[in-house]
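Colleague: Chains A and B are the protein sequences, given in the same order.
The working numbering puts the last residue of the first sequence at 497; the count rises by one with no breaks.
The working numbering puts the last residue of the second sequence at 593; the count rises by one with no breaks.
Simulated from the structure, these hints should not be mistaken for laboratory data.
Treat the hints loosely; a few may be bogus.
To give an idea of the interface, some chain B residues facing chain A are shown, with a C-beta separation under 7 angstroms as derived from the structure [said to hold, decoys possible]:
id: 1; residue: Ile502
id: 2; residue: Val507
id: 3; residue: Leu510
id: 4; residue: Arg538
id: 5; residue: Ser566
id: 6; residue: Leu567
id: 7; residue: Glu570
id: 8; residue: Ala581
id: 9; residue: Val586
Under the rule of at most 30 angstroms between Cα atoms (straight-line distance), these lysine-lysine pairs were calculated in the DSSO-like manner [unchecked claim]:
id: 10; chain 1: A; residue 1: Lys99; chain 2: B; residue 2: Lys520
id: 11; chain 1: B; residue 1: Lys536; chain 2: A; residue 2: Lys420
id: 12; chain 1: B; residue 1: Lys536; chain 2: B; residue 2: Lys520
id: 13; chain 1: A; residue 1: Lys386; chain 2: B; residue 2: Lys536
id: 14; chain 1: A; residue 1: Lys386; chain 2: A; residue 2: Lys99
Simulated restraints, written as ranges between beta carbons of each label pair [said to hold, decoys possible]:
id: 15; chain 1: B; residue 1: Asp562; chain 2: A; residue 2: Gly263; range: 42 to 50 angstroms
id: 16; chain 1: B; residue 1: Gly543; chain 2: A; residue 2: Asp344; range: 27 to 35 angstroms
id: 17; chain 1: A; residue 1: Arg251; chain 2: B; residue 2: Ser555; range: 20 to 28 angstroms
id: 18; chain 1: A; residue 1: Ala18; chain 2: B; residue 2: Ser555; range: 20 to 28 angstroms
id: 19; chain 1: B; residue 1: Asn569; chain 2: A; residue 2: Asp493; range: 22 to 30 angstroms
id: 20; chain 1: B; residue 1: Ser566; chain 2: A; residue 2: Ala328; range: 18 to 26 angstroms
Ideal Cβ positions, reconstructed from N, Cα and C, are used throughout, including at glycine.
For reference, the chains in residue letters:
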Amino acid sequence: MSEATGELCDRSAFELAALLRSREASASELVDSAYRRIAEVDDRLSAFLLLNEEDARNTAARVDDDLGRGVYSPAVAGIPLALKDVLCTKGIRTTAGSKILEPYIPPYSCTPWERLAASRSVLVGKTNCDEFAMGSSNENSAFRPVRNPWNLETVPGGSSGGSAAAVAAGEAVWALGTDTGGSVRQPAALCGVVGMKPTYGRISRYGLIAFASSLDHVATFTRDVRDAATLLSAIAGHDPRDATSLPEGPRDYTEGLEGGIRGLRIGVIEGWLEMDGVQPAVRDSVRAAIDRLERLGASVEPAELPHADYALSAYYLIAPAECSSNLARYDGVRYGYRSEDGEDVVQMNMRTRGEGFGDEVKRRIMLGTYSLSAGYYEAYYGQAQKVRTLVIRDYERAFERFDLLVSPTSPTTAFRLGEKSGDPLAMYLSDIFTIPSNLSGTPAISVPCGLAPDGLPVGFQIMGRLRDEATVLRVGRALEQDLGLILRPPLLDALAA
Amino acid sequence: MPVDIDVDHVARLARLALTPEEKERFRVQLGLILEHAEKVREVVAGDVSPTAHPVPRSNVFREDDPEPSLSNEEALAGAPQVEAGRFRVPRIVEQE
């Protein structure tokens, strides 16, 4: 039934749910299609750290059973899903991309997966990522780097690069990742898929392996914006087990999605577009998308976030500080790796951590420990928290005039493996446009807006007011429908040939 | 100017056993990263209150109802070493 557009696994969740309900396709066929694709491409991509095949097939069979008996099935039932390996899955190994958690089998599930599992979502596998979600290229995975399906010599972005690559290559129809400084939006941009980070607290963090708790967001990867709204609707809503969870209950984010954007006031962060280091092809593609929004009836004017220049510096003090505190729990006592060496417990702790953590994680723990240590706290962490307040005020001021702010998601298209791995500061700069929304907790989405002349995708970032995911999604949807891009990595055409 | 940090002291605080090569590399890299991060000190923000969480919520309480939790076996299932229903670790106090 799928001759026209190739494999089932390349379609949107919305289309697949319709095929399931009309019984033109079965959930078992969907899961077969995803595993077939994984078998074809994942030895080159390394998007997955674990495949959950038996369990996935059983769930798919139950969905088919339900459908056969005419039982109502929710929009996510039977759709092949991938989860970044920082999201705990009960009974299924969860490593955070780290040697220190290589043996870890969680005794409980994170709330987003618990909700999706209850709706019979089909978990294809756990995806590769930068260790403890720290990185922008996926080269910090303790196991192996992920490759970008658009060009195997380039990175997929990070830290949720495995989830991004899996959705781009049809190994899963959608996926969850986490976004602490852009770790969903940046890889979504580099892999040509949609990455949506909702408001801080919208999706529960319960069962997410913590990196920087005040910045960590669970976020989605999908083929299009409509799927982003559907997946968000399935997992959002208050969770009493996360004290920072927003009090509002679930809602349907697909409602009003197609309402158009006439009359919306859009602010363009001109200072970012014109910054040195922004590739001309990225700038052109983003400007062309802005013109489209104007033609669709939005008003477009320059906007500014004056303290955004300081956001990166503040982020690289706050995130490592929270990381050094959160990662203190990996001490070789209760779970995970333990060094065999060590005369006493402190030596055992130190060797376990020295052997178990990778380079970037150690660097950030050191940085955070230093900036929180006696005599430096006020100068670094305290001052960074004040800058955070100023960044938030910038957004509040901008949102008095504008309904949304737009920019490139990333200054460049996908860069080559090894290009930035020796230079932490150059790597940190690839998150310069995504970090401010983590400091402010405001929702933001990356939508593909074209291909650069190098054949690599460009991402368009739309940022909205606190709690206003609906408008962000509506503009993203209007843009993608107007663009009508069909994004298919060349890797997949080679398969069909 | 790059910031000069006492790597041995910080590694001890962080409970990280580092090789001499790692110490030297981190000393240089952290110095440069901190130099960049010093930028936050340029901002005059004397009377600005710090933000710890982007969507502040305070006093998030729930009913104090006991619920089932992990069993002893489940809690110990991932432990590197276990003895008599407890986590086993190398000695903590000095021997006489």
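Colleague: Look at each hint and say if it fits the structure.
Modeller: How the hints compare with the structure:
Because the beta carbon of isoleucine 502(B) sits about 6 angstroms from the nearest beta carbon in chain A, less than 7 angstroms, this interface hint is met. Hint status for valine 507(B) relative to chain A: holds, with the closest Cβ pair at about 5 angstroms, below 7 angstroms. A hinted interface residue such as leucine 510(B) counts as satisfied when its beta carbon comes closer than 7 angstroms to some beta carbon of chain A; here the least separation is about 5 angstroms, so the hint holds. Nearest Cβ of chain A to the Cβ of arginine 538(B): about 6 angstroms, under the 7 angstroms cut. The hint holds.
Among the interface hints, the one on serine 566(B) is violated; its C-beta lies about 10 angstroms from the nearest C-beta in chain A, farther than the 7 angstroms criterion. Given hint, leucine 567(B) at the interface with chain A, holds; its Cβ is 6 angstroms from that chain's nearest Cβ, closer than 7 angstroms. Hint status for glutamate 570(B) relative to chain A: violated, with the closest Cβ pair at about 10 angstroms, above 7 angstroms. The restraint placing alanine 581(B) at the interface with chain A is violated, with a minimum CB-CB distance near 15 angstroms, outside the 7 angstroms limit.
Hint status for valine 586(B): holds, given a least beta-carbon distance of 5 angstroms to chain A, under 7 angstroms. Restraint check for lysine 99(A) and lysine 520(B): the C-alpha separation of about 21 angstroms stays at or below 30 angstroms, so the hint holds. The hinted pair formed by lysine 536(B) and lysine 420(A) meets the criterion: a straight-line CA distance of about 22 angstroms does not exceed 30 angstroms. Taken as a hint, the lysine 536(B) and lysine 520(B) pair is honoured in the structure, with Cα atoms around 25 angstroms apart against an allowance of 30 angstroms.
A C-alpha spacing of about 13 angstroms is found between lysine 386(A) and lysine 536(B), which places the hinted pair at or below 30 angstroms, so the restraint holds. Restraint check for lysine 386(A) and lysine 99(A): not satisfied, since their Cα atoms lie roughly 35 angstroms apart, outside the 30 angstroms limit. For aspartate 562(B) paired with glycine 263(A), a C-beta distance near 49 angstroms keeps the hint of 42 to 50 angstroms intact. The hinted range of 27 to 35 angstroms is not satisfied by glycine 543(B) and aspartate 344(A), whose Cβ atoms lie roughly 46 angstroms apart.
In this structure the hint that arginine 251(A) and serine 555(B) lie 20 to 28 angstroms apart at CB holds, the actual value being about 25 angstroms. The hinted window of 20 to 28 angstroms between alanine 18(A) and serine 555(B) is violated, with their beta carbons roughly 45 angstroms apart. Take asparagine 569(B) and aspartate 493(A): their Cβ atoms lie about 55 angstroms apart, and the range 22 to 30 angstroms is violated. Separation of serine 566(B) from alanine 328(A) is about 22 angstroms and conforms to the stated range, judged on CB atoms against 18 to 26 angstroms.
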